[in-house]
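Let's have the full structure, built from the sequences with the hints guiding it.
Each protein sequence line maps, in turn, to chains A and B.
Read left to right, the first sequence gives residues 1 to 291 (the working numbering).
Read left to right, the second sequence gives residues 1 to 291 (the working numbering).
These are computed hints drawn from the structure, not numbers from a lab.
We put the beta carbon where it would ideally sit given N, CA and C, even for glycine.
All clues stand as given, with none of them false.
Sample of chain A residues at the chain B side, in silico, Cβ under 7 Å:
(1) 132
(2) 179
(3) 189
(4) 191
2 protein chains.
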Amino acid sequence: MSGCRIIDGRRIAAEIETETGMLIASAGERRRPCIVAVSIGNDPAAASYIRQKERAMARLSIEFRIKSFSSGVSKSQVSRFIEEASSDRSVDAVMVLSPVPQGYDIDELADIIPPGKDVDCMSTYSRGLLYSGRPLFSPATAEAVIEIMKHESVPVSGRHVVILGRSLVTGRPLASLLLMKGKEGDATVTVCHSRTEDLPRITRSADVLVAATGRPLSVAGTMIREGTVVIDVGISEIAVPGKQPRIVGDVDFESVSKVASALTPVPGGVGPVTTAVLMRNVVRAWSRSLS
Amino acid sequence: MSGCRIIDGRRIAAEIETETGMLIASAGERRRPCIVAVSIGNDPAAASYIRQKERAMARLSIEFRIKSFSSGVSKSQVSRFIEEASSDRSVDAVMVLSPVPQGYDIDELADIIPPGKDVDCMSTYSRGLLYSGRPLFSPATAEAVIEIMKHESVPVSGRHVVILGRSLVTGRPLASLLLMKGKEGDATVTVCHSRTEDLPRITRSADVLVAATGRPLSVAGTMIREGTVVIDVGISEIAVPGKQPRIVGDVDFESVSKVASALTPVPGGVGPVTTAVLMRNVVRAWSRSLS
Numbered sequence: 001m002s003g004c005r006i007i008d009g010r011r012i013a014a015e016i017e018t019e020t021g022m023l024i025a026s027a028g029e030r031r032r033p034c035i036v037a038v039s040i041g042n043d044p045a046a047a048s049y050i051r052q053k054e055r056a057m058a059r060l061s062i063e064f065r066i067k068s069f070s071s072g073v074s075k076s077q078v079s080r081f082i083e084e085a086s087s088d089r090s091v092d093a094v095m096v097l098s099p100v101p102q103g104y105d106i107d108e109l110a111d112i113i114p115p116g117k118d119v120d121c122m123s124t125y126s127r128g129l130l131y132s133g134r135p136l137f138s139p140a141t142a143e144a145v146i147e148i149m150k151h152e153s154v155p156v157s158g159r160h161v162v163i164l165g166r167s168l169v170t171g172r173p174l175a176s177l178l179l180m181k182g183k184e185g186d187a188t189v190t191v192c193h194s195r196t197e198d199l200p201r202i203t204r205s206a207d208v209l210v211a212a213t214g215r216p217l218s219v220a221g222t223m224i225r226e227g228t229v230v231i232d233v234g235i236s237e238i239a240v241p242g243k244q245p246r247i248v249g250d251v252d253f254e255s256v257s258k259v260a261s262a263l264t265p266v267p268g269g270v271g272p273v274t275t276a277v278l279m280r281n282v283v284r285a286w287s288r289s290l291s
Numbered sequence: 001m002s003g004c005r006i007i008d009g010r011r012i013a014a015e016i017e018t019e020t021g022m023l024i025a026s027a028g029e030r031r032r033p034c035i036v037a038v039s040i041g042n043d044p045a046a047a048s049y050i051r052q053k054e055r056a057m058a059r060l061s062i063e064f065r066i067k068s069f070s071s072g073v074s075k076s077q078v079s080r081f082i083e084e085a086s087s088d089r090s091v092d093a094v095m096v097l098s099p100v101p102q103g104y105d106i107d108e109l110a111d112i113i114p115p116g117k118d119v120d121c122m123s124t125y126s127r128g129l130l131y132s133g134r135p136l137f138s139p140a141t142a143e144a145v146i147e148i149m150k151h152e153s154v155p156v157s158g159r160h161v162v163i164l165g166r167s168l169v170t171g172r173p174l175a176s177l178l179l180m181k182g183k184e185g186d187a188t189v190t191v192c193h194s195r196t197e198d199l200p201r202i203t204r205s206a207d208v209l210v211a212a213t214g215r216p217l218s219v220a221g222t223m224i225r226e227g228t229v230v231i232d233v234g235i236s237e238i239a240v241p242g243k244q245p246r247i248v249g250d251v252d253f254e255s256v257s258k259v260a261s262a263l264t265p266v267p268g269g270v271g272p273v274t275t276a277v278l279m280r281n282v283v284r285a286w287s288r289s290l291s
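So this is what it looks like as structure tokens:
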């Protein structure tokens, strides 16, 4: 019996959502917060992203406009649309859904979004602010990890946080957030990835392990020491013969839960918190635009 | 006898300078490369920075224009000067010398510099490019560390590089460079700092240790394991009664050289390579402006 606490992401998300709802109510404004999401082509990942967010946005009466371009659209047409949304005063937030088909440059499109509307921190300038320790907005997934540790009172200052994965949506922005000065930062941060040699030696040194590689079930209990807090950012589908595919994380729940002191499940862990953080960012952008 | 190799930064700098000189010669251009450095106030650090760079720039016939404002200058006057230098076609590179007196915002001033002239990667946008893994220029000190490892054939791919210090001139940009994909990157990177708990446990796990905290002689031989490569970015003056102050690094050379497999001295290590890298960046900016 290790007494591993299973972290309830849905509860944390609900807490954040409640605060966000109060922020909307207290503004006493008639215009609703509005986010515009741009998708190109019919990628299933983008479609599933939209479905997840749509219900949550509706709960908070956030207007969620989706602009779907077919994969043959000209780059200039997409750019023009993003420019218009960016200068539209009734739009508080703009994002480009990933992935975009070959031939489109998501960085170039994201760079059109002004920092104040870049609620998922996609543009080069927004990333530069984050990297420099003064983010206006952070990528929602990375911020969700920070929120979970805050809500669960996981100390990070001075502690060793090991991040698996160096992506621009999780690994690298999370490293930047954890290296910031202050009570939710000041961590000692290690970033590991597919090229890392002798990974278990490094993961066993972690006080907190964040798995964000997208490789399903790749983190086993033997890789961590007793008492580690484990946050699982991964979300993958695994085929099960004759059944619905199974949704799993990067972490092998079974073996890790025997050793970790706390662990986020998949689903119901980082995912709902990410949605809640994104909505909070939209509402913050909206709230700033009112003042 | 550990056989610690003392890395000759002056030799590496000379090699880089020779290549840079050839790049200038091959262009067959009459206009010389030109960098404009802006300083505000009379900070001794900025003055010493200028002296170090001036001689090197002269060797390559790089025009080095220094604009010194007194500490009472208006912000708009400095901004206007940087704007003019930025749009001046005879100027290839612009930098603002650090530190600036209280009341001036170096980030705001650096943000005026266009990415193609931002040879020390000071602006938010340039930093965003670096963080995203597609730098146009990197901070010279961080790039100098990469150059040293390349010239000394120190493998980093998959290896554990521990960086002491999270500054925006060395620690953080170096982490970004080392996390890039490719042969000079792909390292497992840990960033430590003043808040790190149980530092020796982490430094003893390093294959390569980069000391960049500016705390003189703070890294002792007991903190590393046999065979570690140690790069010392620090440079401090220590008072010696009745004598000239002694220039030392962050590393206690005496004890570390008994354990490390290779070590950069101070002076004569990272410093001259940083100057050589900065000049190469100026010449690259110049060379791009010709095409």
